[in-house]
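Protein chains: 2
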Amino acid sequence: MTAPFTFRRAVPADFDELWPILHEVFESGESYPHAPGTTKEEGYRYWIETPTVAIVAILDGRIAGTYYLRPNQVGLGSHVANAGYMVASWARGKGVGRALCLHSIEEAPRHGFKALQFNLVVASNAPAVHLWTSCGFTIIGTIPKAFDHKRLGLTDAYIMHRFV
Amino acid sequence: MTAPFTFRRAVPADFDELWPILHEVFESGESYPHAPGTTKEEGYRYWIETPTVAIVAILDGRIAGTYYLRPNQVGLGSHVANAGYMVASWARGKGVGRALCLHSIEEAPRHGFKALQFNLVVASNAPAVHLWTSCGFTIIGTIPKAFDHKRLGLTDAYIMHRFV
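The listed protein sequences correspond, in order, to chains L and W.
No gaps in the numbering here: position 74 of the first sequence is 80 in my numbering, and each next residue is one more.
No gaps in the numbering here: position 5 of the second sequence is 11 in my numbering, and each next residue is one more.
Calculated directly from the structure, the hints in this document are not laboratory data.
Check before you lean on any hint, since a few could be wrong.
The list cannot tell twin chains apart, which means a pair is met if one copy fits it or any two copies do.
Once the Cα atoms are required to be at most 20 Å apart in a straight line, the calculated EDC-like pairs of lysine to aspartate or glutamate come out as [as the list claims (entries may be wrong)]: (1) K120 x D154; (2) K156 x E33; (3) K151 x E36; (4) K120 x D162; (5) K100 x E47.
Could you build all of it, start to finish, from the sequences and the hints given here?
Given below as C-alpha cells:
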C-alpha cells in the first residue's frame, strides 16, 4: 500500500529542503550525470530554474521526493518531455518513486507533452529500470559506456520512453 | 573524389556567413528540432556560444559546411559528445557532409570525447541516415513520433552512436 502523499508544485523556497536530497544523489555518482561536487547553484538551476515544472511529494509535512519535467528538445521535438526523479533517503521503500512517476504521467499532458523520455538510465541501476518498466516505460535504446559510474566505471545506459 | 576542403575553428565573426546556412535548415523544418522562426541570436547561442568547438569547412574561400561538438550530458556523461552538421545549399553534392563527419571523428578525441551521439536523426532523412551509417555510426534506438516534421507531421527519430 502506498502512503498518502500529497503533491504540489515546487517553489524556490523549497530548495533548502530539496538540496540535501539532490546533493546525496549527485555525491553517490551512481545514477545522475551530475558529478560529485555539483554545487547548490547548479542544482537549483537544474531542478528549479530551467524545468517546465518541478513537483514535490509531501509525506508527514516533509518533502519525500521530487521530479521535474522539461522539453527534451527545442521546437519540433519539444512535445517529448525529459523527466528526473529523486526520493529522500529517509523516505525510501514507501512507494514514493512509483507515486512520483505515476504523477508525472498524469502531469505531463497538462503542459502539452505527448511522451516522456529518459536519456540516461544507468544500466546497473536495476531498481530504477524495474520501476520505470512497471510504470509502462520501455527501453528504446542502449548507449554503450555512456555513464562514468563512481564505483563501476564506464557503464551502459538505457534510453526509456512512454507515451502519456 | 572529394574537393579539397580546409577546416578551421569557427570564430564569432563567421556567424554572418553561417547564419544563412543555419536559417535555411531551420526554416525547412525537416531535420533540426529548431523550429522555423528560430532567431539569429538563438542560432548564435546554439552553434557558436555554447558548443565545445565549432568547425567550418572552407571551399573556394567560402564556408561550405560546419559542425559543432558539445558534451551530450554533464559530468559523468560528458565523455560522449553530441554533434550537429550543416552543409551550405550551394555546396551540396560535393562530399562536404562526409568530410565534416570524418573530421569530427578525428576532432572529438582532442577534446576528451570518447564517442559521438546524435539524439534526433529524423527517420525520413534517409540521406543523413545513410551518410552517418557509412561513417561508422549505428542506430542504437528509435524514438517513436519524436519529431514534428513540417511536411510529414510526427515522425520517428533515430539515436545514432559511434566510438571515436
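Hint check:
no., hint, result
1, K120 x D154, "between (31 Å within a copy, 12 Å between copies)"
2, K156 x E33, "within (9 Å within a copy, 43 Å between copies)"
3, K151 x E36, "within (13 Å within a copy, 30 Å between copies)"
4, K120 x D162, "between (27 Å within a copy, 13 Å between copies)"
5, K100 x E47, "neither (29 Å within a copy, 47 Å between copies)"
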